[in-house]
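Participant: Now for the letters of each chain:
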Amino acid sequence: MSFHGAKGALTPCSIGGYDLCVGLVEQPIESVKGPRRPDAGAAGGDTALVAAVAAGDRAALARLYDRYAPTLLAVGQRILGGRREAEDLVHDVFLEAWRQAASYDPARGTVRSWLLVRLRSRALDRHRASSGAPLPIDSVPRLEERAAGGEDPALAPDRVAVRRALAALPSEQRAVLELGYFEGLSSSEIALRTGAPIGTVKSRVATALARLRAGLNPEGAPGGAG
Amino acid sequence: MNDHVDTLIPELVLGTLEDELRADVELHLERCARCAAEATATGEALSLLALALPPEHPHPTARTRLLASVSEQRGLEPMGRGRLAAFVDQLASFFDVTVERARTLVDLVSDRSAWTIGPATGVSLIHILPGPRFAGADAGFVRMAPGARFPRHRHTGDEAGLILEGGFTDESGVVVRAGERHQLAAGTSHDFVALPEGCLFAALVQGGIEFLESLAPD
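So the sequences go chain by chain: D and A.
Okay, so the first sequence: first residue is 2 according to my numbering, each after it adds one.
Okay, so the second sequence: first residue is 2 according to my numbering, each after it adds one.
If you are wondering where the hints come from, they were derived from the structure by calculation, not from laboratory data.
Don't take each hint at face value.
Said to hold, decoys possible - Output of the computed footprint for chain D on chain A, the stretches with three or more beta carbons under 8 Å from beta carbons of chain D:
1) 15 to 24
2) 43 to 49
3) 53 to 60
4) 63 to 70
5) 114 to 124
6) 168 to 179
Everything numeric in this text was worked out from a predicted model, so none of it was measured.
Even glycine gets a Cβ: it sits at the ideal position worked out from N, Cα and C.
Produce the entire structure from the sequences given, and follow the hints as far as they go.
Facilitator: Have a look at this one:
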């Protein structure tokens, strides 16, 4: 298969065999109903949790783990392919969070992104070190296999809002986000993979992120998911 | 790089930016609050991609394993020692002492009994002897409880600080965090407030300081 063939594989909502937005009707961002400011409910509580972790509170670490481990494990597994490896990675990230909780600064982002940045950079490092081989498609979870129960309800409205905002992106914009975020490809690698000129890749990245932000943080959005 | 870097922030945050440009952009972000805020907001939007994946629930034993390993860690390490080990080399040059001496200083910081009461509520101190380059300077460690304020004072000589844990907010609103240094020239005066997580820093004061306010507690 040529790179151009690979480009053809980047159909809407499907990168690397994984469907990010199956079952969602394509809709313009403007019609996304009531997505609250992401994490608005969880953010304040998260900051207090991390402060407690910094003070050596294991129960606070346990609560942080219950809230974010499922999200971190999903990303780790998406990047690395293997569940075992991904579980080890999540363990390491929470150990790091335990040690470095005092360095968390809410002005520099939410606890969710603080954890995810750590997880993603470690996962991509390991992925590149191991082989860089494409993910075995069968090992990648699909959206329809929703985990039953146990999910922190504070995150559920965000999940819906994100899936809608992603579904509203043109497929080529969604593709650059996924190739960059989950595969760790550079702009030039994405250009090679998709057959698009590098300048086009760069502008897609910018547009996709701007639209994602606009879709998730609409001015004056009411609280609560619609 | 004086121009704003808006057009490069999406690629920086996504990690697709080429290495040569990355260093320039990161340097700019350190100096430009506007672009730093833009990068934070973009990073937040990007991290939401993670929520598009169906959550994967770890095996219950993974949770048990994590909690067991953190209790072991706390049991083995005196408070702060593990975190501070990373600063040994920097402390050696900061105080002009050998690496071995810097290591013993780190142990000293971890020893609760080494601390003496400082000039204000929530502030404690350890005085140490610096190396020959700073002979005569007032050197040591300052620990500030969360939210504690270091009273307003003037420096009669240059002052340098190396933040080891947490951080503080200067009167101008500038936040100085773990791993960063601050430098104040002779004749300047300031006060500062520890971040909510508190602050531990190494300090080197040449000449001394004069407090500009009453130090009587409450």
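Participant: Are there three or more residues in the segment 168 to 179 of chain A whose C-beta lies within less than 8 Å of some C-beta in chain D?
Facilitator: Holds, because 4 residues of the segment 168 to 179 of chain A bring their Cβ atoms closer than 8 Å to Cβ atoms of chain D.
Participant: Quick one: see if chain D covers the segment 53 to 60 of chain A, three-plus residues with Cβ-Cβ under 8 Å.
Facilitator: holds (count 8)
Participant: Take the segment 63 to 70 of chain A, compare each residue's beta carbon with every beta carbon of chain D, and decide whether three or more fall closer than 8 Å.
Facilitator: Answer holds; 6 residues pass the 8 Å Cβ test.
Participant: With a cut-off of 8 Å between beta carbons, are at least three residues of the segment 114 to 124 of chain A near chain D?
Facilitator: Coverage by chain D is violated for the segment 114 to 124 of chain A (0 residues, Cβ < 8 Å).
Participant: Under 8 Å between beta-carbons, do enough residues of the segment 15 to 24 of chain A, three at least, approach chain D for the coverage claim to hold?
Facilitator: holds (count 5)
Participant: Quick one: see if chain D covers the segment 43 to 49 of chain A, three-plus residues with Cβ-Cβ under 8 Å.
Facilitator: Answer holds; 7 residues pass the 8 Å Cβ test.
The structure fails to meet hint 5 from the earlier list, while all remaining hints are met.
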